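Q: The primary structure of each chain is shown beneath.
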Amino acid sequence: MLNRLPNAPAADQGTVRTPAVGDADTERAVPWPREADSRSVELACEPDLAQVSSVREFVESYYKTIIHDGDVICRMAVAAHELLENAAKYSTGGLSRLQIEIRGGANPRLLSVSVSNHADPARIDELKVAIAELGSTADAAETYQNYMSRATLRKDGSGLGLARIRAEAEMTLVLEFQGDQVCVKAVATPTPEEES
Amino acid sequence: MTQLASIVEAKFSATAIHVGDDIILEMTGNADVAAKQHLAPLLQSLHERAKQLGVKRVQVDIRKLAFMNSSCLKDLISWLDRARLEPAGGYRIVFLSSANQHWQKRSLHALSCFARDLVTVEAS
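Protein chains in written order, with the numbering used here: chain Y, 1 to 196; chain P, 197 to 320.
Just to be clear, a hint being listed does not mean it is correct.
Restraint ranges, calculated between C-beta atoms of paired labels, are given here [unchecked claim]: (1) P:Ala319 with Y:His68: 43 to 49 Å; (2) Y:Cys45 with P:Gly250: 37 to 43 Å; (3) Y:Thr65 with P:Ser320: 23 to 29 Å; (4) Y:Cys45 with P:Ala284: 29 to 35 Å; (5) P:Lys260 with Y:Tyr62: 19 to 25 Å; (6) Y:Ala44 with P:Lys260: 20 to 26 Å; (7) P:Leu281 with Y:Cys45: 41 to 47 Å; (8) P:Lys260 with Y:Asp120: 32 to 38 Å; (9) Y:Gly105 with P:Asp217: 47 to 53 Å; (10) P:Lys252 with Y:Ala44: 49 to 55 Å; (11) Y:Cys45 with P:Arg278: 35 to 41 Å; (12) Y:Ala106 with P:Ser294: 22 to 28 Å.
Derived lysine-lysine pairs resembling DSS-like cross-links, with alpha carbons at most 25 Å apart [said to hold, decoys possible]: (13) P:Lys232 with Y:Lys155; (14) Y:Lys89 with P:Lys232; (15) P:Lys247 with Y:Lys64; (16) P:Lys232 with P:Lys207; (17) Y:Lys64 with P:Lys252; (18) P:Lys207 with P:Lys252.
Keep in mind that the hints were calculated from the coordinates and are not lab data. Just so we're clear, the structure is a prediction, and the values are computed from it rather than from any experiment. Every residue gets a Cβ at the ideal spot worked out from N, C-alpha and C, and that includes glycine.
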C-alpha cells in the first residue's frame with residue numbers, strides 16, 4: 001500500500017521558510033511539540049558519504065523495534081539517506097544534524113525527517129528552486145519522471161534525491177534557514193479524513 | 197554459464213552471468229557511494245554484451261539489495277534509457293525484487309513507469 005501515510009495538502013508540499021531570530025518552534029527544526037506517542041532520534045555527525053548507509057541502517061533498526069510497518073520505515077529511510085547524502089556533498093563543514101520523529105506508536109500517523117547543516121551558499125538558490133518546483137507540482141510522480149529524464153543528461157550528480165523523497169517517500173519538503181544553517185525537512189501527515 | 201562480471205566491495209557486490217537467452221545481474225548489500233564507481237561502467241558493459249550475445253532478457257536480481265541511493269538509480273535510469281532506444285527485438289529487463297524490501301516496490305514502480313515497454317517487475 002503506497003498511501004498508508006498520506007501527505008499534507010498540495011498547497012503545503014514545498015515551502016521555503018525563514019524563521020525570525022529566536023523562533024522557538026523552528027530553532028532546532030522540531031516540527032511539532034513532542035507527544036507521548038512520539039519516538040524521536042537526533043544525531044549529529046560530520047557528514048561523510050561512506051557512512052550514510054551505516055546511519056540509515058541504525059535508524060531503520062531503531063524504528064523496527066517500535067513500528068511494525070515496514071513501509072513507513074522505508075519511507076523514513078529513503079528520506080534520511082537522501083538528505084544525509086546531500087549534506088555530505090554540499091555541507092561546508094561542521095556537524096550535520098539528523099532529526100527523525102515518528103508519532104503514533106505502532107500505527108504511525110506522522111513522520112518527519114530533517115537534516116540541517118552549514119550549506120554552500122552557491123547551492124542554496126538551486127535548493128530553493130528544487131523545493132519550490134517539487135512543492136508546486138500537482139503530480140509528484142510525473143514530476144519525478146521529468147527529473148529522471150533530466151538525470152540522463154547530467155554529467156555530475158543525479159539531481160534525483162529530493163524528487164525521490166517527494167514521489168517515492170510521498171513526503172512534503174520544507175526548506176528553513178536558521179542563522180547560517182539550512183534545514184531540509186521532509187514530512188508526511190495524515191489527512192483529517194483518515195484521522196477520524 | 198559464463199561469468200561476465202564480478203564486483204566485490206565491503207558492503208556491495210555484483211555478479212553477472214550469461215545463461216541461455218538471459219543475462220542475470222545480481223546485486224547485494226548497499227548500492228551507495230561504494231557501488232557508484234562500478235555501476236555505470238558495469239551496466240554499459242552489460243548493455244554491449246546483451247546486444248552481442250543477442251539475449252532476450254537481462255534479469256536484475258535485487259532481492260538481497262538492502263538499499264539503492266539516487267546516484268545509483270540514475271545509472272539504472274541511464275541504462276534503461278539506452279536500452280529502450282534499441283531497435284525492436286532488443287532485450288527486455290526484468291527486475292527480481294523482494295516484498296520484504298519495501299523501498300524496492302516504490303523505486304521499481306518509478307523505473308517501470310520510466311521505461312514502461314521495456315521493464316517487468318517480479319516480486320517474491
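Q: Hint by hint, say whether it matches the structure.
A: Right, here's what the structure says about each hint:
no., hint, result
1, P:Ala319 with Y:His68: 43 to 49 Å, "20 Å, violated"
2, Y:Cys45 with P:Gly250: 37 to 43 Å, "49 Å, violated"
3, Y:Thr65 with P:Ser320: 23 to 29 Å, "26 Å, holds"
4, Y:Cys45 with P:Ala284: 29 to 35 Å, "51 Å, violated"
5, P:Lys260 with Y:Tyr62: 19 to 25 Å, "22 Å, holds"
6, Y:Ala44 with P:Lys260: 20 to 26 Å, "32 Å, violated"
7, P:Leu281 with Y:Cys45: 41 to 47 Å, "42 Å, holds"
8, P:Lys260 with Y:Asp120: 32 to 38 Å, "36 Å, holds"
9, Y:Gly105 with P:Asp217: 47 to 53 Å, "50 Å, holds"
10, P:Lys252 with Y:Ala44: 49 to 55 Å, "51 Å, holds"
11, Y:Cys45 with P:Arg278: 35 to 41 Å, "37 Å, holds"
12, Y:Ala106 with P:Ser294: 22 to 28 Å, "23 Å, holds"
13, P:Lys232 with Y:Lys155, "14 Å, holds"
14, Y:Lys89 with P:Lys232, "14 Å, holds"
15, P:Lys247 with Y:Lys64, "43 Å, violated"
16, P:Lys232 with P:Lys207, "12 Å, holds"
17, Y:Lys64 with P:Lys252, "40 Å, violated"
18, P:Lys207 with P:Lys252, "31 Å, violated"
Hint violations for this structure: numbers 1, 2, 4, 6, 15, 17, 18, all remaining hints satisfied.
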